[in-house]
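Colleague: Join the two chains, each given in its own frame, into one complex according to the hints.
Protein sequence lines, in the order shown, are assigned to chains A and B. Heads up, the first sequence stops at 252 in my numbering, and the numbers go up one at a time, no gaps. Heads up, the second sequence stops at 275 in my numbering, and the numbers go up one at a time, no gaps.
Heads up, some of the hints might be wrong.
Okay, the calculated beta carbon distance ranges per label pair [stated by the list, open to error]:
(1) GLY40/A to VAL114/B: 27 to 37 Å
(2) LEU181/B to GLY40/A: 33 to 43 Å
(3) LYS17/A to LEU181/B: 31 to 41 Å
(4) LYS189/B to GLU166/A: 22 to 32 Å
(5) LYS189/B to GLY40/A: 29 to 39 Å
(6) GLY59/A to GLU35/B: 51 to 61 Å
(7) LYS189/B to GLU126/A: 24 to 34 Å
(8) ARG202/B to LEU222/A: 39 to 49 Å
(9) HIS205/A to ILE32/B: 51 to 61 Å
(10) GLU126/A to ARG202/B: 25 to 35 Å
(11) GLN208/A to ARG12/B: 48 to 58 Å
(12) VAL78/A to PHE95/B: 39 to 49 Å
Partial pick of chain B residues on the chain A-facing surface, computed with a CB cut under 10 Å [to be verified]:
(13) ILE121
(14) THR125
(15) ILE165
(16) GLU167
(17) GLY173
(18) VAL174
(19) THR179
(20) THR182
(21) SER186
(22) SER187
(23) LYS189
(24) ALA193
By construction, these hints were calculated from the structure, which means they are not laboratory data. Every value quoted in this text rests on a predicted model; they were computed, and no experiment measured them. Positions of the beta carbon are idealized from the N, C-alpha and C atoms, including for glycine.
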Amino acid sequence: MSYKIEIQDLNAWFGKKHVLQDITMKIKENVVTAIIGPSGCGKTTLIRCLNRMHELTPGAKVAGKILLDGEDIYDEKVDPVTIRRRIGMVFQKPNPFPMMSIYDNAAAGLRLNGVTDKHRLDEVVEKSLRVAHLWDEVKTELGKSGASLSGGQQQRLCIARALAIEPEVILMDEPTSALDPTAAAKIEQLIRILIEDYTVIIVTHNMQQAARVSDFTAFLYLGKLVEYGSTKDIFENPKSELTEKYITGEFG
Amino acid sequence: MRSYTFRKIKNRIMVSLAYMALIIALIPLASILIETILRGLPAMNFSFFFEEISPLGEPGGGIGPAIQGTLIVVALASIIGIPIGVLSGIYLAEFRQTEIASIARFLNDVLTNVPSIVLGIFGWTLIVVAIGWSVIAGAVALAIMMIPIVTRTTEEAIKLVPTTIREAAIALGVPQWKTTLTVVLSSAKKGIATGILLAVARISGETAPLLLTILGSRFWFSGFTEPTAALPLAIFNFSQLPIDWPRVWGASLTLILMILLINIIIRYVTREKYG
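So here's chain B without its partners, still in its complex pose (with noise of 0.2 Å):
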């Protein structure tokens, strides 16, 4: 008996210690969310969202440019990313023993810790040296980012699809890569999905590589390879003076809003038929 007692008493210390930790690992999470929230409210208004930005210093103004500017440089970067990444994943995965893809893979975690910063001087060194600040500058900067992301939990989201799945769809005499293209990424679908959210998420809110490439700009966009305004840009250039914190506050909400805007539609978008 008296056994049992200590066991079950061993069992609460250590449920209430799992306890403890998730709410300590919570703490910092709902304090900046609380913060953000409570500071960023007031500054926002309709003329925040849709105006253009006034200089550092003055009151009033938006930032309207800068939630445009980030939609672009964020949907351009995507459509080179993304692509490129999901095809990296499906090579990687369908081909996993060869020789090529073990030294893919390698690279790719390689990439995938390169500093961000290193990539915006990448891509100034490739792009902006010869057409100038631009959105294309960003756009493939934050593409690069987003591809090792993209390729590393596409490939790993195959690789969880049972291999009784795709034989069916091969026994049934679907050439391997259409089983591939269609079986296999359809049951694959919610995880390469999480992992371009991932990989939006994080590039949204990337603020080195846009420093180097897309400059920032107080004006709407005016074409691809002009400099434009980008949240996280706004935000850093807001934080310089004390008089413009309402703004920076203002800024980061929209910017966490449009991260849990963009994570909610791609649930969405790729729910399961049959939960």
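So here's chain A without its partners, still in its complex pose (with noise of 0.2 Å):
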């Protein structure tokens, strides 16, 4: 197995707060690796460095490299954009544009970068809306309001739309958070299928979560990176006394 991303010395800042500091991990391809760590450890702004979000934030800095098949994406020649494209994004809050249909979410992200083609928006709609297990429950309604939908379906939709311009790597910001269990579980069977294609990086506040859905587990705490290795490892026999507490339920 290969890595698809390495992240060597990564440090971030917002203003003067250094969140995170020193981060060095080599993410697999075609798995699901978990970010865990309490609140304010710095797992959300891991994930945005992955896709050249964090730095959209007045004040927020970045140093260090992180290679995507080998290719440092904070090398001055790469565009950022480009990136996005490769490296899709989840959010915490499911947030379809409001203003759009169901088909226009899903088809967003090829019209806004200059996709026409009706004939191929058709069939990447229908493709997305299927693997990311929407298609049967809004397939007769695709001209309705993304905005409304259920949560869960939200959250799909949001999946689909990020599945449209085929990224190779899925990012997922506490993707459940907001979502009620049954629509959660389904989130949750659907990253398992997702990861035949694409790699998946999730951060989540719920360790169990974590242990059903990843392959990897990262722990963060207060910026450093703890523990990192297998989610069987990490959650049977952590090495760390750290990880040990955060996931019995020690603090957190």
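Modeller: Right, here's the structure in full:
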């Protein structure tokens, strides 16, 4: 198995606040990697560095390297826009475009990037909605507003929207934290299927979710990577005392 | 129990006070509308809207050129003012923390409060002195009046677009400028339209800047570099002679109806696809 992403000495700041310190980790292709840790430990910042969203916050700064298939995405010559097309993102709160229909939401990535061929759009919309397990629920009402769907459906619509531009990696920032357990379970099943074609990195607050859904787990604490390894090892044989205390619920 | 009754009474008193305040606020509005309709309607007939304006004190004639002039001057002012205002608003919202943005924002607020007669004088020295009383001079003066209103409301409308929507587009690999021009603007369009509406309604009724720029006329539009008529100017002129007061009411009602119509049209055009 090859490494899709290599993070080397990554540091990140919000103004003077040093939120990520010397993170180094290698992420494998076609697996689910979970990032866990207590609130404010830098989980979200870490994945926002991976698609160069972190730098959009005023005052935010990044140093270090992130290699995507061996190429540094922070190289001066790299356009962050092309990186974001290769690394898609699903956010904590479902955020379909409120002024667009279900169809338009799924087609948004392609349309906004200049694709106008109706036939190709139809094809991609159907394919993405099918992969996101939403097609059967919405195929008769593609013209309805994306915001009219339930929370879980909205989140799957957001996943479909991200899939439509055919990224290689999908980042998920606590994708189920705003959903009820049934809707969350559907998303978890979906994540397991997605790794056949994609590399998934998921930030989660919920340790059981990390245990259920991921192959590898990274534990972050106060901006540092405490432990990283196979999910089995992290949950059954944590090397660090801190990791053990966190996963057994002694703090968090 | 006693304190519950007391609270209920207090609640009733506050609610009735609020209703009273509302009614007091509505009295002038309602009386203006009713008065204008009652006195304006009798003056209105077909020829009133489509005939040239007869000299002061002479019976007959219409306000056709004034309607036409107002439409032309306001349209031209909008063509100049709306793009500048909307683009400035986008700049202020998207680059809100830069120093130039805070300076521009301050100057914009100052411009909002410049008395309209001063803008008339500005239009006069800038354009009338060079090419004479003209539609262009009036449109420029009104455009300058529109810009700060449109800028401010556009900025506020864009700021209300949630970051999550913006980030969703950026995460799809959409360049920032395109995100702003598509996703952000279409989410903010209702707010922006309201700002434009406010500005158009405001300038449609302005009299002072027009006195010094388009001068007024009794005849139909004859070119962008010529003086022209306008409803507020016509109302002002008619009001000089008591015998012309029916025309004052007729023209006033026409102006109110025109602004109402612009309101309805813009609301309709920018209505939300999904309520």
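Colleague: Now tell me if each hint is right for this structure.
Modeller: Structure-based check of each hint:
In this structure, GLY40/A and VAL114/B break the distance hint of 27 to 37 Å, their C-beta atoms being roughly 48 Å apart. At roughly 35 Å, the beta-carbon separation of LEU181/B and GLY40/A lies within the given 33 to 43 Å, and the hint holds. The hinted window of 31 to 41 Å between LYS17/A and LEU181/B holds, with their beta carbons roughly 33 Å apart. As the Cβ distance of LYS189/B to GLU166/A is approximately 30 Å, the hint placing it in 22 to 32 Å holds.
For LYS189/B paired with GLY40/A, a C-beta distance near 37 Å keeps the hint of 29 to 39 Å intact. Separated by about 57 Å at the C-beta atoms, GLY59/A and GLU35/B satisfy the suggested range of 51 to 61 Å. Evaluation of the 24 to 34 Å hint for LYS189/B and GLU126/A yields a pass: the beta carbon distance comes to about 29 Å. Evaluation of the 39 to 49 Å hint for ARG202/B and LEU222/A yields a failure: the beta carbon distance comes to about 55 Å.
Range check, HIS205/A to ILE32/B: Cβ separation about 59 Å, and the 51 to 61 Å hint holds. As the Cβ distance of GLU126/A to ARG202/B is approximately 49 Å, the hint placing it in 25 to 35 Å is violated. Checked against the given bound of 48 to 58 Å, the beta carbons of GLN208/A and ARG12/B, roughly 53 Å apart, stay inside it. For the pair VAL78/A and PHE95/B, the beta carbons lie near 24 Å from each other, so the given range of 39 to 49 Å is not met.
Annotation: interface hint on ILE121/B violated; nearest CB of chain A at approximately 41 Å, more than 10 Å. Hint status for THR125/B relative to chain A: violated, with the closest Cβ pair at about 42 Å, above 10 Å. Given the 10 Å rule on beta carbons, the hint for ILE165/B holds: about 6 Å separates it from the nearest Cβ of chain A. Among the interface hints, the one on GLU167/B holds; its C-beta lies about 7 Å from the nearest C-beta in chain A, closer than the 10 Å criterion.
Of the supplied interface hints, the one on GLY173/B holds, with its beta-carbon coming within about 3 Å of a beta-carbon of chain A, less than 10 Å. The criterion of a C-beta within 10 Å of any C-beta in chain A is met by VAL174/B, whose closest approach is roughly 4 Å, and the hint holds. Nearest Cβ of chain A to the Cβ of THR179/B: about 8 Å, under the 10 Å cut. The hint holds. The closest approach between the C-beta of THR182/B and any C-beta of chain A is roughly 6 Å, which is under the 10 Å cut-off, so the hint is satisfied.
Checking SER186/B against chain A by beta carbon gives a least distance of about 5 Å; that is within 10 Å, so the hint holds. The closest approach between the C-beta of SER187/B and any C-beta of chain A is roughly 6 Å, which is under the 10 Å cut-off, so the hint is satisfied. Contact between LYS189/B and chain A, as hinted, is supported at the beta carbon level, the nearest pair being about 8 Å apart and thus within 10 Å. Because the beta carbon of ALA193/B sits about 13 Å from the nearest beta carbon in chain A, more than 10 Å, this interface hint is broken.
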